[in-house]
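Visitor: Those sequence lines, one after another, are chains F and Y.
Just so you know, we're using the numbering used here here: the first sequence kicks off at 438 and counts up by one.
Just so you know, we're using the numbering used here here: the second sequence kicks off at 205 and counts up by one.
Derived by calculation from the structure, the hints in this document are not laboratory data.
Everything hinted at is true.
One-sided excerpt, in silico: chain Y residues whose CB lies under 10 Å from chain F: (1) I413; (2) L415; (3) A427.
Listed below are the simulated EDC-like cross-link pairs for lysine to aspartate or glutamate, each with C-alpha atoms no more than 16 Å apart in a straight line: (4) K550/F <-> E564/F; (5) K564/Y <-> D586/F; (6) K611/F <-> D468/F; (7) K669/F <-> D448/F; (8) K669/F <-> D462/F; (9) K640/F <-> E574/F; (10) K611/F <-> E469/F; (11) K516/F <-> E432/Y; (12) K214/Y <-> D586/F.
Short, incomplete list of chain F residues facing chain Y, as computed with Cβ under 10 Å: (13) D515; (14) K516; (15) S534; (16) M547; (17) R548; (18) T549; (19) E564; (20) R604.
Note that this is a predicted model, so its numbers are computed, not measured.
Virtual Cβ for every residue (Gly too), placed ideally from N, Cα, C.
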Amino acid sequence: MANKNTVLAIDNLTMKFGGVTAIDDLSLHVDEGEIVALIGPNGAGKTTAFNVITGVYEATSGLVSFDGSPIQKGVTPDKITKLGIARTFQNIRIFGSMTVLENILVAKHMRTKQNVFTATFRLSRAEERRVRREAEELLDDQGLLQMKDETASSLPYGLQRHLEIARALATDPKVILLDEPAAGMNPQETLELAAFVKRIREKHGLTVFIIEHHMDLVMQISDRIYVLDFGKLIANGTPKQIQTNKKVIDAYLGSIEEDELEETADVKS
Amino acid sequence: MNNIKHRRQKRILTIVNAALVLAIFVAVFIAEQVLPQTSMLFVVLKKGSIYALIAVSMNLLNGFTGLFSLGQAGFMLIGAYVYGIFTIPEEFRQSVYQYFDGGLIHFTVPIVIALVMAGAAAAIFAALIGLPVLRLKSDYLAIATLGFAEILRALFQWKIIGPVTNGSNLLRKFPNFNDFNIKNADGQVVLYLSTLVPFIVAGVCILLIVLLIRSSYGRAFRAIRDDEIAAEAMGVNLFKHKQLAFVISSFFAGVGGALLAMYQMAIQANAFTSAMTYEILLIVVIGGLGSVTGSCFGSFLFIAASEWWLRGLDSGAFLGINAPGVFRAGFRKVVFAVIIMAVVLFYRKGIMGDSEFSAKRIAERFRRIFMKRKSKIEAVDSIDN
Numbered sequence: 438m439a440n441k442n443t444v445l446a447i448d449n450l451t452m453k454f455g456g457v458t459a460i461d462d463l464s465l466h467v468d469e470g471e472i473v474a475l476i477g478p479n480g481a482g483k484t485t486a487f488n489v490i491t492g493v494y495e496a497t498s499g500l501v502s503f504d505g506s507p508i509q510k511g512v513t514p515d516k517i518t519k520l521g522i523a524r525t526f527q528n529i530r531i532f533g534s535m536t537v538l539e540n541i542l543v544a545k546h547m548r549t550k551q552n553v554f555t556a557t558f559r560l561s562r563a564e565e566r567r568v569r570r571e572a573e574e575l576l577d578d579q580g581l582l583q584m585k586d587e588t589a590s591s592l593p594y595g596l597q598r599h600l601e602i603a604r605a606l607a608t609d610p611k612v613i614l615l616d617e618p619a620a621g622m623n624p625q626e627t628l629e630l631a632a633f634v635k636r637i638r639e640k641h642g643l644t645v646f647i648i649e650h651h652m653d654l655v656m657q658i659s660d661r662i663y664v665l666d667f668g669k670l671i672a673n674g675t676p677k678q679i680q681t682n683k684k685v686i687d688a689y690l691g692s693i694e695e696d697e698l699e700e701t702a703d704v705k706s
Numbered sequence: 205m206n207n208i209k210h211r212r213q214k215r216i217l218t219i220v221n222a223a224l225v226l227a228i229f230v231a232v233f234i235a236e237q238v239l240p241q242t243s244m245l246f247v248v249l250k251k252g253s254i255y256a257l258i259a260v261s262m263n264l265l266n267g268f269t270g271l272f273s274l275g276q277a278g279f280m281l282i283g284a285y286v287y288g289i290f291t292i293p294e295e296f297r298q299s300v301y302q303y304f305d306g307g308l309i310h311f312t313v314p315i316v317i318a319l320v321m322a323g324a325a326a327a328i329f330a331a332l333i334g335l336p337v338l339r340l341k342s343d344y345l346a347i348a349t350l351g352f353a354e355i356l357r358a359l360f361q362w363k364i365i366g367p368v369t370n371g372s373n374l375l376r377k378f379p380n381f382n383d384f385n386i387k388n389a390d391g392q393v394v395l396y397l398s399t400l401v402p403f404i405v406a407g408v409c410i411l412l413i414v415l416l417i418r419s420s421y422g423r424a425f426r427a428i429r430d431d432e433i434a435a436e437a438m439g440v441n442l443f444k445h446k447q448l449a450f451v452i453s454s455f456f457a458g459v460g461g462a463l464l465a466m467y468q469m470a471i472q473a474n475a476f477t478s479a480m481t482y483e484i485l486l487i488v489v490i491g492g493l494g495s496v497t498g499s500c501f502g503s504f505l506f507i508a509a510s511e512w513w514l515r516g517l518d519s520g521a522f523l524g525i526n527a528p529g530v531f532r533a534g535f536r537k538v539v540f541a542v543i544i545m546a547v548v549l550f551y552r553k554g555i556m557g558d559s560e561f562s563a564k565r566i567a568e569r570f571r572r573i574f575m576k577r578k579s580k581i582e583a584v585d586s587i588d589n
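Extracted from the complex, chain Y is given alone in its bound form:
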């Protein structure tokens, strides 16, 4: 009896959660049709959704499996390059690969397949370096993964493999988000989808990660995070599960890298620095290690702050204050550093800690407020009596 009620309640909460997510997607779709395309909002939404995916993939590893890896930029790089290399239309190859005689590869694959290939390439690379790297613990693992990411960055600019990677030159002219807009015969856009598509792709990927985390395998990951020795004693094969988490995380980092390539419209290996990994780590920490919704909030907040709200700090005027002497290039980073320190000092566990923002949580919050009021009323009643 109780069980049935419980199950029904759970189903309702799931529906509410799904409705909330759907509402966000609908809002994005409407905003895109109504607001001018140049609005900063779309920069935030596009880049934010990409970073959200990468942050969640990093959280899977750092927050849920307890493996402190800093290789994210490297896997993004692989994803971005694989996407770019296999999607540049044949007619542009000559101009893109101008120093390498049009390059080596002369075919293109559909975007969806290229995205999967991007993830798969990153995953394969992760599987290879996982063999030696995952035997290391904590800081050593971080250093080793960081090292591999830096090696990749140098490797992809190597002239010898230039016919494939275009050396240290830009890869460009591959399909980007604007190609998702539906145009009529005159070339006028009738339906804007350039923000909704990355949202959907990132959303689907994050949903997959959430499903994984909430499965038997996700529980094994979290057990490893909580206590490696106990997890092993309970029959969890440590290496296999760490490897699995590492490969899956890298897959989605690769997909994220491909999306980032689409957003930037051009890629160059030198841009995938360890600073990029730190940005993502920052998002994960601000959002809360072990919270998927935290990583998502953190991502949009971070992108909005760095790309939009705090822009004025670099360009002379901020919040209506005009002080070009103070607000000049670089000041934004100073303010940002202060904000980050404040977050780390006062919200040590991030915005969400390790809990999730969900209908259940809201319901519980309300119930608690309601219960408190009820108990207060009862207390007053008993005094009256």
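Isolated chain F, as found in the complex:
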């Protein structure tokens, strides 16, 4: 990669909940334009890491920095989003009672210049029109434009995931954190998602940090992979290196195959 600026860095991060150490001395970095994956068994602390980065949790110790400057402790999630870190959620969290278009417009809200008076008295129409146009473009990109006036909760599951990604993109991020975007998707949809993630990276000049269990997807799109197990980083490297790493196979990759065997057994019985 031509540009090797580190966009997101975590240094010696530890996160404890009472006596439980969810993340233990984790350090990693994500460089501009990269797609980096964070993998590991359930309960390894992946989502916790995302929650610390986005300010949902305050780290017990350690530092998260964005674009070279550290993020202060106690900064609320909305401020972090404003810096340029957007996210999606593992269990979908769209605004269910609002329309598809409105979901996107909410994410655009923080970047608008209107205040409550200009908004109420419709004094910022030009801005409102521009924001709407941008939102519709984003929806068009996701193939959601025809459904823009539908209630978001009425969308099928796969489209709700796409809506969540579109909504995250609407915050104009530099880095997007995707938390298991392929969860609940069939193989065909997962394949499309891989192409899609690469496409949004190109189009929006994004850096992607992704948590995912579908190894095909991870191996196919990632530039680098970090592997977490019981809160500790056990490996990092390119997809090839990870696939042949003994520790990773023991802790995680091996177990996946067993899981899949069990799943097929369940289906048969």
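Place chain Y on chain F using the hints.
Guide: Same frame as chain F, now just chain Y:
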């Protein structure tokens, strides 16, 4: 092409909506000139419009932002008192504040300014208590706001501040709705406006709330209601927006309180009980959480039922049945409770749910009926073929 058509359609629907609202106002105006002033209809229209405003302001908070607040009566109290204190004409102050030597304040402001001041005072108070209170969630927020409303009720009757609030005595002789009627030199009314004016004031306030709800800020409010964590992750500053909704809602509750003072012609802090808040909550729930038109319908229905239609249940004769033994004081409340239970059981989401009554909705309803008939005809045709 499609877009232009869409926009034109939207404009037509907006015009139809505006025409519907205008028609209501014209009907009120005509009714007021034609019908006798003593008609119960005007009680319902006046009080109903005031309650509609307060219910919509409560809906902004409870239905659209998802903050379960029960402080409405407190904010109404502030509004009512601020209005009363600053509008009692100087010549009446001595008799009103008879125990406090004519009171402390010796100037009056025009009614419109007093209304704005009433709202502003309630809003300022909301901003102050919002700092601690809005950090609480759901039931805790409800209890805290209810507590503040009760504190206010006690505080305003405090003797020490009597020179301003007249203690536990009535505030009265301030301008009321009847002062809007235009009289000729002989003191005879030539044009009745005592119902239309509160209608217009409440209407303008509700329009402002609707404009807010449909703006970028309203979308942020609804996002908070739907999912607080996601809203924050999308860059919505939770505290700022909750505070904003709380302050704006309180502003209009304050204006509503001032209107209620005008309607009642006298105010006393002790009347602003939590039962008043529950009445408004009831209207909001019956109308539908998250529906402005629902709150308006609910308000007029509630007032009409409690003040007019069910009055007979308390006074001996109801629907032509004369049974003073059964229909006596308090029976109305029993029937009312049953009706409310029925509504809550069978219309769980209220009359309107979270949708609005509008030209668009009517048009869609008709289109659906039309489409059904058309598809039926086509089906018959295809069988024929």
